[in-house]
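> The chain contents come next:
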Amino acid sequence: MMKHLLLAIGLMAMACPAFSQELYVNTEPASNMATNSLGIRLESQGFFNPGYKNRTTFELMYGASKNLMVHSSLYISDYYENQQHFEGGSVYAKYRFLSVDSVQKHFRGAFFAKLSSINNPIVNQEITLEGDNSGLQSGVVFTQLLHKLALSGSASYLHAWDNAGNNHIPVGNARDAIAYTLSTGYLLLPAQYKSYDQTNLNLYAEFLGKTNPGYGQSYLDVAPAVQLIFNSLVRLDFSYRVPLYSTMQRNTAHMYLIRLEYNLFNL
Amino acid sequence: MKTFKISILLFILSTGFAHAQFSKAELQVSGLTCALCSKATEKSLKTLPFISDIKTDLLHNIFILTFKNGEAINFDLISKKVQDAGFFVNSLKTTFNFDGVKLSSNTFSYGADTFRLMNAVDKPLTGEVAITIVDKGFAPKSVSKKYLNQTTDVAPANGGRIYHAVI
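In order, the protein sequence lines correspond to chains A and B.
Position 121, counted from 1, in the first sequence is what my numbering calls 121; the numbers after and before it change by one each time, with no gaps.
Position 81, counted from 1, in the second sequence is what my numbering calls 81; the numbers after and before it change by one each time, with no gaps.
Since the hints were made in silico from the structure, they are not lab data.
Predicted model only: the values in this text are computed from it and were never measured.
We put the CB at the ideal spot given by N, CA and C, even for glycine.
Certain hints may be false.
Claimed, not checked - Under 10 Å between C-beta atoms, here's a sample of chain A residues computed to sit facing chain B: (1) 23; (2) 27; (3) 100; (4) 106; (5) 111.
What the hints assert, rightly or not - Using 27 Å as the maximum straight-line C-alpha spacing, the simulated DSSO-like pairs for lysine-lysine come out as follows: (6) 24(B) with 80(B); (7) 66(A) with 123(B); (8) 123(B) with 194(A); (9) 93(B) with 194(A); (10) 46(B) with 123(B).
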């Protein structure tokens with residue numbers, strides 16, 4: 001496993017032609033958005049087995065200061081019912097506490113926390129604050145540009161509460177989880193970066209893991225992702241998660257993601 | 001003839017005054033890694049009223065700023081805008097027209113601000129000369145330290161600030 005991972009990272013480092021990218025699709029980098037800029041995201045995630053189910057997420061992201069950014073999200077899905085319904089929302093904040101920058105190179109660290117309130121019944125073992133569980137997540141993320149490789153890693157702790165609408169966590173289910181991620185990305189096109197109008201094509205490989213300590217439930221997914229950026233304003237993301245191993249009952253194995261993001265600067 | 005001499009003198013003085021200004025700057029930003037980041041930085045800089053045009057060299061993370069004629073340039077604001085966008089100034093090299101400007105013990109005034117040249121200037125400066133600001137917020141920490149350790153000057157009483165620069 002570890003061998004494959006290191007090999008994949010090594011190959012990406014060698015293949016990387018121009019710039020590394022850290023606009024990760026499945027995770028957040030330690031960097032923040034510019035002060036007073038707003039990102040608007042519309043996202044569809046889902047799975048095909050057993051039967052097609054999908055979730056729509058509407059997310060706003062705002063750069064509150066040079067060190068602080070906040071997100072708020074609303075979730076709608078048919079994961080736990082036969083028709084689409086509003087599931088609840090979440091808020092997220094990230095504070096950058098470390099910046100060591102030089103030209104085209106940097107190392108950054110940030111704390112983050114997420115709070116969610118969700119009204120779904122709890123049927124899975126995985127705790128996720130993206131529409132499935134009410135809870136609190138807090139952690140730390142570091143992002144490093146190493147030569148031409150953009151590497152980002154995070155570790156966080158999740159605690160779930162009973163969901164809204166009298167939906168209790170089943171007896172025998174974990175209430176606490178540890179999540180960890182490792183993401184890498186690079187700019188494939190344009191080869192010569194000259195203008196904001198050039199469409200960017202970015203490739204990512206992300207590793208997403210979770211474990212419920214004491215319950216013998218854990219997983220590690222690899223999530224390759226493709227990203228297009230138009231006019232340095234509009235971002236289009238595609239990703240698909242595949243388990244490398246999984247002993248946890250969950251929705252997120254084999255999950256697709258399509259996201260459209262629009263950015264407004266200097267509000 | 002006297003009037004002629006006075007008008008010549010006035011002309012020299014006025015052109016000297018008009019020339020004694022910053023015309024442009026080459027700003028290199030550190031930490032930039034993506035199109036959205038550069039765009040956000042440029043948009044942030046564009047809100048400054050004294051900048052008339054910004055050209056970018058995305059390959060080297062360099063912004064060429066053209067300043068408006070006759071506007072007072074606030075370099076601290078340039079650094080602040082870059083930091084607001086989430087990045088840092090790696091270098092700021094700005095062009096100053098020294099015609100009609102008297103250098104006294106390596107310093108010259110610009111509005112309420114004072115600029116101190118940190119390296120020895122052995123001949124009088126004339127015309128357009130590029131100076132690089134080495135204060136904190138305009139250069140890597142190690143560079144700022146190297147130059148600012150040489151100096152113990154205090155802020156002037158008029159509220160302006162002292163910029164330190166090298167040629």
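> Interface hint check: residue 27(A), Cβ to nearest Cβ on chain B, cutoff 10 Å. Holds or violated?
violated, 15 Å
> Does residue 194(A) sit within 27 Å of residue 123(B), going by the straight-line distance between their CA atoms?
violated, 39 Å
> So, residue 23(A) near chain B? Judge it on the closest CB pair being under 10 Å.
OK, holds: residue 23(A) within 10 Å of chain B, min 6 Å.
> Take a quick look at whether residue 93(B) and residue 194(A) sit within 27 Å of each other, Cα to Cα.
holds, 21 Å
> Hey, residue 46(B) versus residue 123(B), does the alpha-carbon distance stay inside 27 Å?
violated, 36 Å
> With a cut-off of 10 Å, does the beta carbon of residue 111(A) approach a beta carbon of chain B closely enough for the hint to hold?
At about 16 Å, which exceeds the 10 Å cut-off, the nearest Cβ of chain B leaves the hint on residue 111(A) violated.
> With a cut-off of 27 Å on the C-alpha distance, tell me whether residue 24(B) and residue 80(B) pass.
Status holds; Cα separation ~18 Å.
> Closer than 10 Å between Cβ atoms is the bar; does residue 100(A) clear it against chain B? Give me holds or violated.
This interface hint holds because 9 Å falls under the 10 Å limit.
> Residue 66(A) and residue 123(B): Cα distance at most 27 Å?
violated, 43 Å
> Report holds or violated for the interface hint on residue 106(A), using the least CB-CB distance to chain B and a cut-off of 10 Å.
Since chain B brings a Cβ to about 4 Å from residue 106(A), closer than 10 Å, the hint holds.
Checked against the numbered hints above, the structure breaks hints 2, 5, 7, 8 and 10 and satisfies the rest.
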